[in-house]
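Listed below, chain by chain, are the residues.
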Amino acid sequence: MSVISYREALGQAMREEMERDANVFIMGEEVGHYNGAYKVTQGMLQRFSERRVIDAPIAEMGFAGIGIGAAMVGLRPIIEFMTFNFSLVAIDQIVNNAAKIYQMSAGQFNVPIVFRGPGGPAVQVAAQHSQSLESFYAHVPGLKVVMPSTAYDAKGLLKTAIRDDNPVVFIEGETLYNTTWEVPEVEDHLIPLGVADVKREGKDVTLIAWSKMVWTCLEAAKALAEQGIECEVVDPRTLRPLDVDTLAASVQKTGRCVIVEVGWPVAGFGAEVAYQIQKRCMDALDAPIERVTSDDVPMPYAKNLEDEVQPQVKDVVAAVRRVLYLE
Amino acid sequence: MAQIIGLPKLSPTMEEGVLVKWSKKEGDKVSPGDLVAEVETDKANMDFNIEDDGVLLKLLAKEGETVKLGAPVLIIGKAGEDVSALVAQAGAQAPAPAPAPAQAKPKAEPTPQPQPQPQPQAKPQPQPQAKPQPQLQAKPQPAQPAGGGKLLASPLAKSLAIELGVDLRTVTGSGPGGRIVERDVRAIGSNGHAAPASDDAHEAQAEAKPEETAIAVRRPQAADHDTDYTDTPASNMRKRIAARLTEAKRDVPHFYLMRTLDAAPMLAFRERLNALLGDKGKVSVNDLIVKAVALALRRVPECNAAWIDDGIRTFHRVHVGVAVALPEGLVTPVVRDADQKGIGSIAAEVRDLATRAKNRQLKAHEITGSTFTVSNLGMLGIERFTAILNPPEAGILAIGATIDAPVVKNGQVAVGKTLTVTMSCDHRVIDGALGARWLAAFVDLVEHPESLAL
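Respectively, the protein sequence lines represent chains A and B. Once you know that position 254 of the first sequence is 254 in the working numbering, the rest is easy, because the numbers rise by one and skip nothing. Once you know that position 413 of the second sequence is 413 in the working numbering, the rest is easy, because the numbers rise by one and skip nothing.
Simulated from the structure, these hints should not be mistaken for laboratory data. In this text, all values refer to a predicted model and were calculated from it rather than measured experimentally. Every residue gets a Cβ at the ideal spot worked out from N, C-alpha and C, and that includes glycine. Mixed in with the good hints, there may be bad ones.
Claimed, not checked - Heads up, incomplete: computed chain A residues facing chain B, CB under 10 Å, no partners named:
id : residue
1  : R256
2  : L285
3  : A287
4  : L324
Based on the provided sequences and hints, a complete structural model is requested.
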């Protein structure tokens, strides 16, 4: 085991998979000579040459499409979006080509591609660069959506995503790159897609969160433990496929559920989770399922407002107290 | 600006009034002194004269409705004003119809409204802007709103109540709107201590197999040799019996009607039925009585009823509860639609329910919803007794033993078979004459048992 950063974990995952399989390559804006806008691809150009570490022009639609074409003929591209906000320019390629070609070609072409990059609000990058787009992609059949919260998960899930024969949307936490976690020093640290992870055990209420919100929930759980409330924090890790079994088993145990996401409330992915939970846990629920989300507004630039819009520890604590009928 | 007008004090001692008749309708223009309604107070029918100028925008109380003093009855204002917000506010001012005596503060009292769900509770009355508090207060409210509305309980509370054998009707809900939540059930199910689920499951199991665990549980008490008594912790069932029967005997005005009837025809009829059935089953005296009770309730449906605070609920279906003794208490499984079932199927059903009752295998729906109950101690040699009502039912019939007794036939004393039955009545629902009428119907059915087969 070694303690490494989330950024380093992602870099290791890509380097190991590129060593392992010559068909894997990475393409994106500034991934090569600049070593990545967030330095995730640090050193990769030197190691793998311009043939496999390709600096793309500022044209997401174009390089996403080129990646899909390459995947169709046997390569395994990793397409880096500088942030997932820019994937909106390429969303037609992702939704209409990557997600659909396998079915529309009657299985003749599969698309083993990973679209990766940071998502979710960071710090004062304003409305257009502070979006959580996982709900957009999780909506689409044919896509897998992965949202790791720790270095451990990031490495294991990215390696699995690269080996997956179908398109994976891999959204990293923009503010998580410097967080650290223990990661095993084994060659094949692989985490299957569609398996949730209990990040903290507890008996009173289940907190479901992914990516950055796992950290917020862990912090809230700590604060609540001082009030004698034991939260179980469950991280689905992949939104699609979703490990409903693990989530439901936790709610069966606790009888209460709070779903925390940094995205917007309306049609956010948490709404789907809430539906799945109530369907499976109807008789176990002691209170309506609560959701904590960002406010239903474009992100303000001002720091104080930016904090206020997003789910904070105090919001999670308040929601937990509501489902426990303590408010 | 439009405003809500509350029910004024029309007699010095009135606390509520019945809105007998509106004299004006919505849209009518009124000036101070105009008669707008006639209100029945504790003293007499009084005129309700308006003190304001304007147009009656909305009449909030229905004719015949009982309205608490100060509770919203109408909205007055200028023609065409939007009153939707005020209507909502008035609705919120009518609090959950909650008979909790501890909360009898001077607040807006229920204007009974057809909605079965309790409204979010409003703040005390004085300022008409009383903003409805949204949902989340933890003030205890009775889970069962007066008027027999829907019982509110979380799904977990419901499953837990079944597991722990807690009757939700005896539980006070602490959730929003009086919703019963897990902690409320646990408070009753485990002696006021919130216990982890596993402990409760264990406790439930212990109850299910008394011969295995009860001795072990009680022995340490006996070792306490400084005392001359043994304190046995109450089981959940015993707690429930204690709570419900205390409440019934305390709160329901009981009276009793007793009749001794000629049981010979019924015993002969039963013999004939059992001869016919052979080894295909057996009909007991109690089965015939269940059937007779059900048919008597059809003949006198006013006794198939319950008191619901503002009135009497008459049930359309006849579900007869049959009290079954268990080693540590009793349970009352229900024969549904007993009036429509044949004697044979009642017999089979009662036997099945009683067997499963003794094995603690009854489901919640099998022990709830009866509209009248039969309690029989005849087989234990009791000649007559009085039973405590099983709320909300208005009647329960206590059956004694069939005994050899002198009867007068054609002016001669002869040895006959008699049976004494005692009806306990809720006087709020059943008056003496009505109860007597029901008992006469019952006696007639039992003394002419062929009519039970009709």
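Consistency of the hints with the structure:
no.: 1; hint: R256; in the structure: holds (8 Å)
no.: 2; hint: L285; in the structure: holds (5 Å)
no.: 3; hint: A287; in the structure: holds (6 Å)
no.: 4; hint: L324; in the structure: holds (9 Å)
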